[in-house]
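Q: Working from the sequences, and respecting the hints, build out all of it.
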Amino acid sequence: VTVPPAGGSPAPPVPPADDIASWHRLHPLSPLVRAGRHLVGIGILVILFLFANQRGSQTGNDLIYDLVIIALVLGAGLVSWLVTRWQVADGVLRIETGLVRRQSRRFPLSQVQAIDVVQTGLARVLGLAELRLRMAGGDSSGGRLASLPLADAERLRQRLLSMAHASGPAAAGTPPGTPAPGQVAGPERPLFRVRSECLVGAIALSRTGVFAGVVIAALLAVIAATGQPGVTASLLPVVIGVALGIWRRFNGEFGTAVSAAPDGLRLRSGLVQTTAETIRPGRVQAVRLVEPLVWRLFGWCRLEVDVAGARQRRENRSEAQRLRALVPVGSRADAERMLGELLTAPPRPTRRPPARARWKAPLGYHFLGWDGDDRYVVASRGRVCRTTTWVPLEKVQSIRWVQGPVQRRLGLASVRLDVAGRRVTASIADRDAAEAQQILARLPDLARAARQAGRAAPGGAARGGAARGGTARDAVNRA
Amino acid sequence: MSAAEPDALAEPGDAGIRWQRPSPLLLRARRIQVGLVTLPVALVGGLIAGAAGSPALGLGVGLGLVVAGLLSERFLARRVAAWGYAERRDDLMVRRGVLIRRQSVVPYGRMQFIDVTAGPVERSLGLATLRMHTAAAASDARIPGLDRAQAAKLRDQLASLGETQAAGL
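Chains A and B, in that order, are what the protein sequence lines are. Taking our numbering, the leading residue of the first sequence gets 1130, the next gets one more, and so forth. Taking our numbering, the leading residue of the second sequence gets 3, the next gets one more, and so forth.
Derived by calculation from the structure, the hints in this document are not laboratory data. We put the CB at the ideal spot given by N, CA and C, even for glycine. Honestly, I wouldn't trust all of these hints.
[What the hints assert, rightly or not] Quick look at which bits of chain B chain A covers, simulated, 3 or more residues with Cβ under 8 Å: (1) 94-105; (2) 131-145.
[Stated by the list, open to error] List time: in silico SDA-like cross-link candidates among lysine to any residue, alpha-carbon distance up to 25 Å: (3) A:LYS1489 with B:ALA140; (4) A:LYS1489 with A:ALA1563; (5) A:LYS1489 with B:LEU101.
A: Okay, here's the thing in structure tokens:
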């Protein structure tokens, strides 16, 4: 075990190239970074308490309690740092941690979906970064190395990724054009950068933004009506919640920049906390284009991708529910370009449902549509918030046919395509019953063909690949 | 309700799919389950109404709830009859529902794991429910009311099929 000198700024614990096989510790300042979030929270609480107890006499006592709490948090962090160590051997990353309850976790690199480098605000000040491994299993299955010096984190990430590539041709869904190990850090071609003023406008016009406007208006109205700002104190939690939501979104999507690298799309974003992640095309489960009503007036839209394995953010559950926005807000042209980068010749939702579907979906009818070929299925729906979802057939987990009572009366049915996770379902809604039956009959075979093609030629699946026999479109044409 | 009964709920495109049915005992299991819920509810409802109003009212409410439970029998039979599954070459097909009809197709290769569960009522009748899970949370391939031996057989069969056809994410 290498034990770094405490507080050493050139931070020795990390690997000059070849000795990542031995045990290492994290950077000694990592407890501070880990506790940073709590410290901010505690600081706010202290101020609130001081504010609330202005007339009280035990302010001093409270302060002492708070200091004790802070000391405890830091002490616990120090202990956890002392007992945490990691190692990479035989294509497996092992992280051991825990004082009382020892925990040893193994992360086979061939199963890694992606590796992110995340810097929280405090970590950025200290020049540290956190490495997050995303596995397919979702929220709690990933590994975190928090924190390493930034340069070491970047280097380790590349090494781990190249090891993942080297050990992973057998792993299913190997990305297209798998680069040779070492080629991982190639030149990058910038694709998109979000405009800050657009982002501000888009957030202001989003649901959260409108909600914030309503809350502020309500506050002002209450203040104007009563003439006592103090009355609004009870609304404070709501205000804080809304402000945090907006801040998170802004902080998360600020300066989103996407570039094409040899190993996939590189996505960087963040104002205070920055995240750098790589989206490998073969890991894309679904692509979604969202156009809310108000945004459509400005010609804005949002392009999101679903990648297996939730974003590793224990602190923020809602974040894991959201998809990764490659284009948080941008013009149609931006989104189209990004879409072309993710999928090859994606189909458009041009097949309209029969006119009688208007009775079932009087509003939604306007944007209902689907289409498919031998690689993708696309379906769009939603009147207020138009959502178009592309799903690679190769990634389809199950197919469901659903017919409700109204649909049965009208001779309609819907088909849904599920992909891994709980976030995306492509819904081919309100089709003619016969057509839906055809889709249900044909899609499983097409999906299987796409899977086999993807396995036979790893990389040829998501992009490229010659036409194979019938397509989903043909299936319906023949009907 | 026997397995040989003609398929009243067949969909137009069903030709060529050999639907298999859950055990006829499933209907009895569902009846017992409804009964187990209805009787206590009727009893408590009747007692409350009886205490609050008159004993006659209590009796009326209690009887009304029992009748409601009996009426659900009609729906039960149809719901149970709607269940069906077909083991096809590459995927499992499950269909269910009367008001909202559903058919799910789950490729064997997509299977992550299989659950076989049996509640107290099902256990007493020697039944079990089999459920196939995929990586997608929305997939639902559930087959209730399988004979326990049959469920175990199906589970092993599906597991081995899943192994030979396994596909990654």
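Q: Each hint needs a verdict: does it hold in this structure or not?
A: Hints, verified against the model:
no.	hint	verdict
1	94-105	holds (count 5)
2	131-145	holds (count 8)
3	A:LYS1489 with B:ALA140	holds, 23 Å
4	A:LYS1489 with A:ALA1563	holds, 17 Å
5	A:LYS1489 with B:LEU101	holds, 16 Å
The earlier numbered hints are all upheld by this structure, with none contradicted.
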